[in-house]
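Working from the sequences, and respecting the hints, build out all of it.
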Amino acid sequence: MKRDLKTLVVLALAILANGAGNLSLSYGMKSVGPPGAWTLPGLWAVVGTALSSLPVIAGGVLLLIFFALFLALLSWADLSYVLPMISTCFVVSALLGNLVLGERISLIRWAGIGLVSIGVLLVGRTGPSGDAASSSPT
Amino acid sequence: MTTFLLVGVIVLCFSFGDIALTRGMKQAGEVSSLRLAVLNEVGGRAIRSPLVLLGGALQIVAFVTYLVALSQRDLSYVFPLTATSDIVTTLAARYLLHERVTPTRWGGVVIVSVGIALISAS
Numbered sequence: 027m028k029r030d031l032k033t034l035v036v037l038a039l040a041i042l043a044n045g046a047g048n049l050s051l052s053y054g055m056k057s058v059g060p061p062g063a064w065t066l067p068g069l070w071a072v073v074g075t076a077l078s079s080l081p082v083i084a085g086g087v088l089l090l091i092f093f094a095l096f097l098a099l100l101s102w103a104d105l106s107y108v109l110p111m112i113s114t115c116f117v118v119s120a121l122l123g124n125l126v127l128g129e130r131i132s133l134i135r136w137a138g139i140g141l142v143s144i145g146v147l148l149v150g151r152t153g154p155s156g157d158a159a160s161s162s163p164t
Numbered sequence: 016m017t018t019f020l021l022v023g024v025i026v027l028c029f030s031f032g033d034i035a036l037t038r039g040m041k042q043a044g045e046v047s048s049l050r051l052a053v054l055n056e057v058g059g060r061a062i063r064s065p066l067v068l069l070g071g072a073l074q075i076v077a078f079v080t081y082l083v084a085l086s087q088r089d090l091s092y093v094f095p096l097t098a099t100s101d102i103v104t105t106l107a108a109r110y111l112l113h114e115r116v117t118p119t120r121w122g123g124v125v126i127v128s129v130g131i132a133l134i135s136a137s
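So the protein sequences, as listed, match chains B and H. So our numbering is basically just the index in the first sequence, starting at one, shifted up by 26. So our numbering is basically just the index in the second sequence, starting at one, shifted up by 15.
No false leads were slipped in.
If you only want the chain B side, here are some residues facing chain H, beta carbon under 8 Å, derived:
hint, residue
1, L100
2, S101
3, S106
4, F116
5, A120
6, I134
7, R135
8, L141
9, V142
10, V146
11, L148
12, V149
If you anchor each label on the Cβ, the simulated ranges turn out as follows:
hint, chain 1, residue 1, chain 2, residue 2, range
13, H, S48, B, T75, 32 to 42 Å
14, B, L80, H, G59, 22 to 32 Å
15, B, G62, H, E45, 43 to 53 Å
16, H, L51, B, N124, 30 to 40 Å
17, B, L39, H, G59, 13 to 23 Å
18, B, T75, H, I62, 25 to 35 Å
19, B, A63, H, E45, 41 to 51 Å
20, B, G86, H, Y92, 18 to 28 Å
Covered by chain B, according to a simulated footprint, are these stretches of chain H (three or more residues, beta-carbon under 8 Å):
hint, region
21, 38-44
22, 112-121
Keep in mind the hints are simulated off the structure, nothing from the lab. We treat Cβ as the ideally placed atom computed from N, Cα and C, and that holds for glycine.
Structure (structure tokens):
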């Protein structure tokens with residue numbers, strides 16, 4: 027029970043870090059702008075500008091935190107539980123893009139958001155580790 | 016044709032990367048508390064674990080291949096195809112990691128994958 031709670035808290039933190047990270051990256055990269063030319067020097071110039079943008083760096087750090095939390099989850103929970111649960115990130119990113127950046131969400135995308143939410147609720151019901159919940163009391 | 020080949024590489028690298036990361040982290044030990052000493056200890060073992068490093072490397076290969084695929088085709092074409100990796104990963108978790116995947120969990124994984132495909136296809 028205690029472990030289920032820990033899993034949900036770390037999952038929530040990971041999803042928040044991912045959503046905030048993507049938002050920050052997207053916001054920062056819009057002001058960096060697309061590469062002037064799709065050549066190696068052109069791309070390199072974008073990387074240079076991006077690395078001097080505070081929102082891009084903050085986004086990168088948040089995504090690193092996300093990855094660390096993802097690894098922490100895998101240290102005790104099933105991969106077949108964590109992976110679908112982490113997909114909530116897609117929903118959060120889409121909603122944040124809509125609310126904060128004013129990006130439009132099409133009808134098909136709303137349907138996808140609904141399906142991911144239903145799937146996550148189903149997987150959530152199975153608990154972080156399929157066997158530990160029922161059999162071993164460790 | 017090459018796009019499908021690239022998607023195959025992406026899906027396999029993501030899936031086996033996740034399998035390696037999971038096995039490595041299970042060996043590194045549970046992050047049992049948020050105390051700095053515990054994080055340091057488990058983190059140190061994780062960073063030195065060959066499986067975690069292999070998993071990280073496979074994720075990087077998958078990501079670079081993904082960028083290559085995106086340079087050829089639209090995001091709305093490539094990304095939904097890579098959503099199949101969740102199903103491949105669940106199969107691998109079942110047979111390689113011997114996780115118990117109940118019918119409820121299978122149902123959830125399939126619905127989530129279809130949902131991801133729809134979100135990115137539009």
